[in-house]
Amino acid sequence: MSTELEQKLDTLTDADYARGLEVFRGGLKEAEASYLNACVRCGLCAGGCHYHRTEPELENVPGRKLDHIASVFKAHFTTMGRLAPGLVGAKRFDRDMARAWVDAVFGRCTLCGRCSMNCTIGIPLPALFRAARRALGAMGLVPEDLQATVENSLQHGNNMAIEREEWVETVEWMEEELQADTGDPEARIPLDKQGARCLFTVNPREAKFFPLSLQASAKVFWAAGEDWTLASDGGWDLTNYALFTCEDDQAAAIVKNLTDAMTRLGCQVLVIGECGHGYQSARWMGPEWLKQRFPFPVVSILELMDGYLNEGRIHVDSARNQEPVTLHDPCNLVRHGGISEPQRRVLRRAVANLVEMAPHGVENYCCGGGGGQLAMSRYRNRRLAAGKKKADQIRATGAKVVAAPCHNCIDQLSELNKEYQLKVQIKTVAELVAAALIVPTHSEVLP
Amino acid sequence: MPNQLFTPLGTAVVAAGVWAVAGLLVLRARARAFGSRQPFAAAAGDPAAGIRYAFTGAMSPGAKESVREHLPSYGLGLAFHGGIFTAFALLALSLAGFELPRSLWLGARALLALGAMGGLGLLLKRLLKAELRGLSRPDDFVSNLLATAFVALALVSPGQAWLLSAILLLFYAPLGKIRHCLFFFMARSHFGAFFGRRGVFPPGGSHVH
Ligand code: SF4
Ligand code: SF4
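Chains as they are written, first to last, in this note's numbering: chain A, 1 to 447; chain B, 1001 to 1209.
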């Protein structure tokens, strides 16, 4: 167990535990109260979890992780938990329990929700793990590096603390590359275009490490003649790591960057680049955090590309992507986001040979990098070990390319590629589409 | 079968039944007191369709890996619950003084026998598998033993001992994990509505903005 955590546990006072419990209780509604009463401890969720698949031990059973939380709920909020704690397994929230919570919900869980689908009762376990993470946050027990990522977003408007000048320079450089690539000196990557139809948002990792993926998205927009823009100030970073710390006020402040940019630039559609948690944050959680219905649709770029192909706004030649491609399903995009088919329809047109993993879609396995795991260095070894399930899935397809519509997943998959010698290339869907694009002539590109 | 309703044990069974229902209603009221959530995000699918799917297709082996990989446990669970429902139906008939038509007896006895074997099988699994033992609380064993005894006695000795087992089972129902007879439906409804709204359930449903 990390010394950082032990030191923090040493400093906790009764008031901290009381605050944690209060926050935990405050995050529960009827749904969560039902879930906490419903588990029958059958253990059938075990195989649903990639942690348990790769390391079959009790602490990796989702029902066990839930039980740590349910036992505290029983002890503090139920009559039977107070009257007969030994019988029903109620336990007070103390130092050992706080440690068990941290280990269960930060150390052994990516909030992927695969266990929910396999639960006998139908308990969406991540809802309860999130309530626990929120309580731990109120006690100062969120791992420091994960919290630091959130602080970056709050202070700099993006999670990698990229300064405005650096971002603008990157975009300008990408625009030159796009012009060279398309042969169109008019090809643009618009910044702060007032009244553009789409505000496109990206993962800061694209600016720092994967500019080619930004260029690929821009090339698709160019070919489709889309009216789009990026924001130069707050509102270009789609990530929201407060989804993982579960501190809703901070999550709200971060997602507000996007809604403010929509208002500032007068755009009609908020387009989320290829990022699972970014999509769940903006599409599903954002309105809840801000307690308002968004006056504009939030769509994934995957849906846009699907639409372009359907409407004949772009054309692709699958022969340009000859190598077998498999598709990774990011949990936040597919299982928690409901976006499962657009990327498949796009890839069936853009690549010659799409090989599905078994299982895939809603039943996909997490890559192991979700839930903020990539930002929590203390669990690195566990994260890589748990990723073996995904590595095995990829290897079994025989694919040479993994399409991963999520930059978080791409990071984890890249590490798995090295760790398990997969010898695959990992690309975004837009990169594969851009490679297959039948490039229109200048006059064909709509203004 | 004589009407047992007004015998002391029969009256006690009814009282235990009232206790169980009242207890479960209190638990439901307490859960509801946590308040509900009015989502702001525009739905991409239909929560009602999600709920329908959650109670049907989502529980089938085709949709659930945990079922596919644990077919014996799935079978034991189905048999156990089938036996419990059968035993309660027989209890109601017996309290009301009705005889089960002879043509149905064989089927009922088969369901009870399978139910008792299901309960016993799940109990043995819980005892023998180290990981499941680690996950278990005394409540799990008490709940199983009470329900299994109730089913088994309905089969082999549907007399006073059976009524006594019914009283114990009904008394315990709202206290321990047997409360899942209520919370299964509440939890699964919320589960279905959640994934229904997001356009995840039912599979292949249209995803709208
Ligand atoms: S949410 Fe995912 S990682 Fe967490 S316990 Fe469930 S299956 Fe395992
Ligand atoms: S499958 Fe569901 S009910 Fe069974 S132990 Fe896991 S969380 Fe609990």
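I should point out that these hints are in silico values taken from the structure, not numbers from a laboratory.
Heads up, a few of these hints could be off.
What the hints assert, rightly or not - Cβ pair distances, simulated, as ranges:
hint: 1; chain 1: A; residue 1: Arg345; chain 2: B; residue 2: Val1021; range: 46 to 54 Å
hint: 2; chain 1: A; residue 1: Lys400; chain 2: B; residue 2: Ala1089; range: 53 to 61 Å
hint: 3; chain 1: A; residue 1: Ala352; chain 2: B; residue 2: Leu1127; range: 51 to 59 Å
hint: 4; chain 1: B; residue 1: Lys1129; chain 2: A; residue 2: His315; range: 26 to 34 Å
hint: 5; chain 1: A; residue 1: Arg95; chain 2: B; residue 2: Val1014; range: 32 to 40 Å
hint: 6; chain 1: A; residue 1: Gln421; chain 2: B; residue 2: Leu1071; range: 58 to 66 Å
hint: 7; chain 1: A; residue 1: Leu83; chain 2: B; residue 2: Leu1071; range: 37 to 45 Å
hint: 8; chain 1: A; residue 1: Asp392; chain 2: B; residue 2: Pro1158; range: 51 to 59 Å
hint: 9; chain 1: B; residue 1: Leu1078; chain 2: A; residue 2: Thr3; range: 44 to 52 Å
hint: 10; chain 1: B; residue 1: Val1014; chain 2: A; residue 2: Arg25; range: 34 to 42 Å
hint: 11; chain 1: A; residue 1: Glu144; chain 2: B; residue 2: Arg1133; range: 33 to 41 Å
hint: 12; chain 1: B; residue 1: Leu1100; chain 2: A; residue 2: Glu59; range: 45 to 53 Å
hint: 13; chain 1: A; residue 1: Pro324; chain 2: B; residue 2: Phe1085; range: 48 to 56 Å
As the list claims (entries may be wrong) - Partial list, derived from the structure: chain B residues whose beta carbon lies under 10 Å from chain A:
hint: 14; residue: Gln1004
hint: 15; residue: Phe1006
hint: 16; residue: Arg1030
hint: 17; residue: Arg1037
hint: 18; residue: Leu1135
hint: 19; residue: Asp1139
As the list claims (entries may be wrong) - Restricting the straight-line Cα-Cα distance to at most 25 Å, the calculated cross-link-like pairs of lysine to any residue (SDA-like) are:
hint: 20; chain 1: A; residue 1: Lys29; chain 2: B; residue 2: Ser1036
hint: 21; chain 1: A; residue 1: Lys389; chain 2: B; residue 2: Gly1035
hint: 22; chain 1: A; residue 1: Lys291; chain 2: B; residue 2: Glu1131
hint: 23; chain 1: B; residue 1: Lys1125; chain 2: A; residue 2: Leu87
hint: 24; chain 1: B; residue 1: Lys1129; chain 2: A; residue 2: Lys291
hint: 25; chain 1: B; residue 1: Lys1129; chain 2: A; residue 2: Leu290
hint: 26; chain 1: A; residue 1: Lys291; chain 2: B; residue 2: Gly1035
hint: 27; chain 1: A; residue 1: Lys29; chain 2: A; residue 2: Lys389
hint: 28; chain 1: A; residue 1: Lys389; chain 2: B; residue 2: Glu1065
The C-beta atom is built at its ideal place from N, Cα and C for all residues, glycine as well.
Results of checking the hints against the structure:
1. Look at Arg345(A) against Val1021(B): about 51 Å separates their beta carbons, and that is inside 46 to 54 Å.
2. At roughly 60 Å, the beta carbons of Lys400(A) and Ala1089(B) sit within the given window of 53 to 61 Å.
3. In this structure the supplied range 51 to 59 Å holds for Ala352(A) paired with Leu1127(B), their Cβ-Cβ distance being about 54 Å.
4. Checking the proposed 26 to 34 Å range against Lys1129(B) and His315(A) shows it is violated: the Cβ atoms sit about 57 Å from each other.
5. The beta-carbon spacing between Arg95(A) and Val1014(B), approximately 48 Å, falls outside the hinted interval of 32 to 40 Å.
6. At about 35 Å, the CB distance of Gln421(A) to Leu1071(B) disagrees with the hint of 58 to 66 Å.
7. In this structure, Leu83(A) and Leu1071(B) meet the distance hint of 37 to 45 Å, their C-beta atoms being roughly 38 Å apart.
8. Hint check: Asp392(A) to Pro1158(B), Cβ distance near 53 Å, so the stated range 51 to 59 Å holds.
9. The hinted window of 44 to 52 Å between Leu1078(B) and Thr3(A) holds, with their beta carbons roughly 49 Å apart.
10. Taking the beta carbon of each, Val1014(B) and Arg25(A) are about 37 Å apart, inside 34 to 42 Å as hinted.
11. Between Glu144(A) and Arg1133(B), the C-beta spacing of about 37 Å keeps the proposed range 33 to 41 Å intact.
12. For Leu1100(B) paired with Glu59(A), a C-beta distance near 48 Å keeps the hint of 45 to 53 Å intact.
13. As the Cβ distance of Pro324(A) to Phe1085(B) is approximately 50 Å, the hint placing it in 48 to 56 Å holds.
14. At a threshold of 10 Å, the smallest CB-CB gap from Gln1004(B) to chain A is about 30 Å, leaving the interface hint violated.
15. This hint is violated: Phe1006(B) has a C-beta 32 Å from the nearest C-beta of chain A, more than the 10 Å allowed.
16. Checking Arg1030(B) against chain A: minimum C-beta separation of about 7 Å stays under 10 Å; hint holds.
17. At its closest, the beta carbon of Arg1037(B) sits 5 Å from a beta carbon of chain A; the interface hint therefore holds under the 10 Å criterion.
18. With a cut of 10 Å, the hint placing Leu1135(B) at the interface with chain A holds, because the nearest CB-to-CB distance is about 5 Å.
19. About 5 Å separates the beta-carbon of Asp1139(B) from the nearest beta-carbon of chain A, less than 10 Å, and the hint is met.
20. With a C-alpha separation of about 6 Å, the suggested pair Lys29(A) and Ser1036(B) falls inside the 25 Å cut-off, and the hint holds.
21. Of the pairs offered as hints, the one joining Lys389(A) and Gly1035(B) is violated, with about 39 Å between alpha carbons and a cut-off of 25 Å exceeded.
22. Taking the CA atoms of Lys291(A) and Glu1131(B), the gap is near 42 Å; set against the 25 Å cutoff, the hint is violated.
23. Under the criterion of a C-alpha separation no larger than 25 Å, the hint pairing Lys1125(B) with Leu87(A) is consistent with the structure, at around 20 Å.
24. For the given pair, Lys1129(B) sits about 46 Å from Lys291(A) by alpha-carbon distance, which is inconsistent with the 25 Å threshold.
25. The suggested pairing of Lys1129(B) with Leu290(A) is violated, with an alpha-carbon distance near 47 Å, which exceeds 25 Å.
26. Annotation: proposed proximity of Lys291(A) to Gly1035(B) holds, straight-line Cα distance about 16 Å (limit 25 Å).
27. Among the hinted pairs, Lys29(A) with Lys389(A) is inconsistent with the structure: their alpha-carbon atoms are about 34 Å apart, more than 25 Å.
28. Using a Cα cut-off of 25 Å, the hinted pair Lys389(A) and Glu1065(B) holds, with the two alpha carbons roughly 15 Å apart.
In this structure, the earlier hints numbered 4, 5, 6, 14, 15, 21, 22, 24, 25 and 27 are contradicted, and the remaining ones agree with it.
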